[in-house]
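Trainee: Here is how the chains run, residue by residue.
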Amino acid sequence: MINSQPQAAAESDPRRKSAASPTQRFPWYKPRSILGRIALWALLLGFSVLFLYPFVWLLAATFKPRQDVFDNRLIPETWVFTNYVEVWQQLPLLSWMSNSIIIALLAAGLVTISSSLVAFGFAYFRFPFRNLLFGLVLGTMMLPGAVTMIPVYLIWKELGFLGTTVPLWGANLFGSAFYIFLQRQFFLGLPRDIFEAARIDGCSYFGLFRRIALPLSIPSFIIVFIFEFQASWNNLQAPLIYLNTGSPEEYTVPLGISYAMSLFSPTSGGEADYQYVMTAALLVTLPMLILFAFGQRYFIEGLAGQGRKG
Amino acid sequence: MATAVDSPRKRRLRRPRWIKEPFNREARAGYLFILPWVIGFLVFTLGAMVYSLVISFTNYDLSTDTATPVGFSNYELLLKDPKVLTSLGNTLYYAVLSVPLEICFALLLAYLLHRIPERGAGVFRIIYYLPKMTPSVAAASIFLLLLNGNSGAINGFLGIFGIDGPQWLIDPDWMKPSIIIIGLWSVSGTMLILLAALKNVPQDLYEAAALDGAGALRQFFSVTLPMISNALFFCTIVLTIAALQVFDQAFLLFYRDTASGSPDAALFVGVYLFQQAFQQFNMGFAAAIAWLLFVIILLITVFQVRFGNKFVYYEGGR
Chain P
1 MINSQPQAAA ESDPRRKSAA SPTQRFPWYK PRSILGRIAL WALLLGFSVL FLYPFVWLLA
61 ATFKPRQDVF DNRLIPETWV FTNYVEVWQQ LPLLSWMSNS IIIALLAAGL VTISSSLVAF
121 GFAYFRFPFR NLLFGLVLGT MMLPGAVTMI PVYLIWKELG FLGTTVPLWG ANLFGSAFYI
181 FLQRQFFLGL PRDIFEAARI DGCSYFGLFR RIALPLSIPS FIIVFIFEFQ ASWNNLQAPL
241 IYLNTGSPEE YTVPLGISYA MSLFSPTSGG EADYQYVMTA ALLVTLPMLI LFAFGQRYFI
301 EGLAGQGRKG
Chain L
311 MATAVDSPRK RRLRRPRWIK EPFNREARAG YLFILPWVIG FLVFTLGAMV YSLVISFTNY
371 DLSTDTATPV GFSNYELLLK DPKVLTSLGN TLYYAVLSVP LEICFALLLA YLLHRIPERG
431 AGVFRIIYYL PKMTPSVAAA SIFLLLLNGN SGAINGFLGI FGIDGPQWLI DPDWMKPSII
491 IIGLWSVSGT MLILLAALKN VPQDLYEAAA LDGAGALRQF FSVTLPMISN ALFFCTIVLT
551 IAALQVFDQA FLLFYRDTAS GSPDAALFVG VYLFQQAFQQ FNMGFAAAIA WLLFVIILLI
611 TVFQVRFGNK FVYYEGGR
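As you go down the protein sequences, you meet chains P and L in turn.
Going by the working numbering, the letters in the first sequence line up with residues 1 to 310, in that order.
Going by the working numbering, the letters in the second sequence line up with residues 311 to 628, in that order.
Calculated from the structure, these hints are not laboratory results.
Here a beta-carbon is modelled for each residue, glycine too, at the ideal position from N, C-alpha and C.
One or more hints might be untrue.
Facing chain L, from chain P, some residues (calculated, C-beta under 10 Å) [what the hints assert, rightly or not]: (1) 205; (2) 247; (3) 300.
Simulated crosslink set (SDA-like; lysine to any residue; CA at most 25 Å straight-line) [said to hold, decoys possible]: (4) 157/P / 604/L; (5) 486/L / 157/P; (6) 486/L / 144/P; (7) 486/L / 135/P; (8) 157/P / 353/L; (9) 486/L / 52/P; (10) 620/L / 135/P; (11) 157/P / 354/L; (12) 620/L / 138/P; (13) 157/P / 620/L; (14) 157/P / 410/L; (15) 620/L / 289/P; (16) 486/L / 138/P; (17) 393/L / 536/L; (18) 486/L / 373/L; (19) 157/P / 361/L; (20) 157/P / 378/L; (21) 157/P / 244/P; (22) 620/L / 373/L; (23) 157/P / 393/L; (24) 620/L / 286/P; (25) 157/P / 369/L; (26) 157/P / 473/L; (27) 157/P / 608/L; (28) 157/P / 373/L.
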């Protein structure tokens with residue numbers, strides 16, 4: 001499955017066909033010596049170990065008793081299987097997960113719909129100041145989030161949404177610059193003739209979007225959806241600001257883990273039960289790894305598309 | 311004769327319809343489609359910026375919800391508060407070190423992946439991308455133990471070479487490098503962008519260079535680097551903006567507990583901003599810090615764009 005997917009990705013996007021690996025098209029473009037080839041593969045494998053080691057180690061740590069968590073064995077000396085049960089009792093993991101899933105689904109769903117509507121507006125229609133406005137969209141991509149953090153907090157406060165999850169997805173109703181850009185690029189790739197033909201057949205403007213643009217751009221929808229799902233699932237700062245005052249049951253997963261790190265930390269009176277933190281960390285990483293297993297070609301395509309931007 | 315007939319028609323076809331009737335049905339529909347973004351921009355970008363500027367001239371206290379205008383005193387406080395200067399210094403140190411390291415590391419990984427057949431590259435690409443999928447809290451809790459000075463794996467690894475590793479998370483000198491290491495571990499987003507750029511370099515350039523007798527190294531510096539300078543430039547700007555706002559890892563590892571009293575060695579502007587706004591409730595002062603950060607990011611970005619453009623090769627010339 002893993003091997004077939006990148007090739008499927010290449011076929012779905014005609015621009016990538018010419019970008020097949022140079023080793024396939026130009027046999028001479030290879031490391032010259034056997035030695036060079038060995039070094040190449042050794043480096044690749046070495047880096048793989050580097051990237052995978054923390055995961056393997058994390059998995060091992062979840063099976064270690066408290067006093068062994070800090071050791072470096074990849075196979076625990078004494079196996080403990082109760083960490084998973086205990087962490088479930090110690091921390092409200094289930095409510096964190098369901099909070100995070102609901103927020104991430106809302107955030108990703110809303111941003112996908114709103115961004116593609118806006119993107120279609122910029123891609124298909126001609127109206128005064130269109131390029132100026134689109135320039136503004138691109139400009140906001142460069143705006144550092146730290147700058148609007150405080151006023152946006154106060155806006156949600158005025159609107160009476162503090163302590164609720166609304167601020168964590170509400171702004172997604174209005175689209176997001178990067179996704180608008182991504183979707184617009186996709187829409188611009190669709191042949192304009194089919195839209196003109198549909199217009200002549202009496203299709204409404206919204207119909208152009210719903211009946212033609214939308215079905216043809218499912219791949220870019222998926223890219224936007226899973227990017228935002230991941231961003232929302234991993235977001236620490238916003239829940240820290242908007243949910244931190246509530247009870248731990250209302251936390252999202254990242255806020256919960258941060259809370260657990262404090263709870264079990266010796267500096268704040270905990271008993272250094274890092275085996276629980278590790279187990280919780282593994283449990284919150286798993287959903288993302290599963291999402292990646294299913295959507296990795298979209299992740300990779302989405303980012304590769306970003307590179308073409310300049 | 312033929313041209314006299316053709317040209318007015320051509321001109322009419324070329325000219326967009328909206329110049330004649332700027333707010334026709336199509337234009338109105340277009341505005342309707344982009345309306346969500348317009349509202350969001352007016353409230354959450356433009357409105358928020360103006361609001362933030364207003365707040366920065368008040369002593370807005372979140373705990374009591376009161377604000378009185380105080381003129382420029384928040385901005386004067388920026389100059390007087392030693393923590394502002396410390397956090398700025400830390401942030402710049404972090405950005406100056408981490409951005410080039412991440413670019414070089416990502417380029418190395420991308421280049422390695424580029425040199426092997428697509429099949430193998432796919433597997434490695436997935437492995438290298440995994441850290442990017444790890445939530446920052448999970449990465450922080452993993453590295454909390456891996457970077458442990460006495461028993462962590464990183465010092466264990468250094469021990470193989472007889473190096474006595476530092477107390478990464480305790481020694482103030484090594485707190486920032488610790489965060490750089492975690493950043494390098496999840497560098498794969500940049501790697502994929504650079505990989506895409508490498509794949510877009512026309513192969514005939516390499517053929518021509520090889521005919522001219524250029525070796526692998528010469529080809530890399532004279533063909534590859536100029537042809538991907540655009541992507542390198544893009545990554546540098548994006549990574550710098552992100553580095554200047556670094557928050558998650560520093561907060562999780564060092565400033566999670568308000569009482570723990572970690573040294574200021576990893577106090578970044580993003581962290582200090584958060585502390586002032588949401589732990590000390592000094593919204594006015596925090597807004598002033600945010601504006602300082604904004605101006606610094608803007609200046610650095612403008613400088614990078616001006617300076618970087620000289621080194622970027624644009625296809626078609628510009």
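Trainee: For every hint, state whether the structure bears it out.
Mentor: The hints, checked one at a time:
1. 205: holds (4 Å)
2. 247: Since the shortest Cβ distance to chain L is 18 Å, the answer is violated.
3. 300: holds (6 Å)
4. 157/P / 604/L: holds (23 Å)
5. 486/L / 157/P: violated (34 Å)
6. 486/L / 144/P: holds (21 Å)
7. 486/L / 135/P: It is violated: about 36 Å lies between the C-alpha atoms, which goes past 25 Å.
8. 157/P / 353/L: holds (14 Å)
9. 486/L / 52/P: holds (23 Å)
10. 620/L / 135/P: holds (23 Å)
11. 157/P / 354/L: holds (13 Å)
12. 620/L / 138/P: holds (22 Å)
13. 157/P / 620/L: violated (46 Å)
14. 157/P / 410/L: violated (40 Å)
15. 620/L / 289/P: violated (41 Å)
16. 486/L / 138/P: violated (32 Å)
17. 393/L / 536/L: The given pair, whose Cα atoms are some 41 Å apart, is violated under the 25 Å limit.
18. 486/L / 373/L: With Cα atoms ~32 Å apart, residue 486/L and residue 373/L exceed 25 Å; violated.
19. 157/P / 361/L: Holds, at about 13 Å.
20. 157/P / 378/L: holds (18 Å)
21. 157/P / 244/P: Judged against 25 Å, a Cα distance of about 14 Å means the pair holds.
22. 620/L / 373/L: violated (50 Å)
23. 157/P / 393/L: Roughly 28 Å separates the two Cα atoms, so the pair is violated.
24. 620/L / 286/P: Given pair residue 620/L, residue 286/P is violated - Cα atoms ~45 Å apart, limit 25 Å.
25. 157/P / 369/L: Holds. Residue 157/P to residue 369/L sits at ~17 Å (cutoff 25 Å).
26. 157/P / 473/L: violated (52 Å)
27. 157/P / 608/L: violated (28 Å)
28. 157/P / 373/L: Holds - the C-alpha atoms of residue 373/L and residue 157/P are around 13 Å apart, at most 25 Å.
The structure shown violates the earlier hints numbered 2, 5, 7, 13, 14, 15, 16, 17, 18, 22, 23, 24, 26 and 27.
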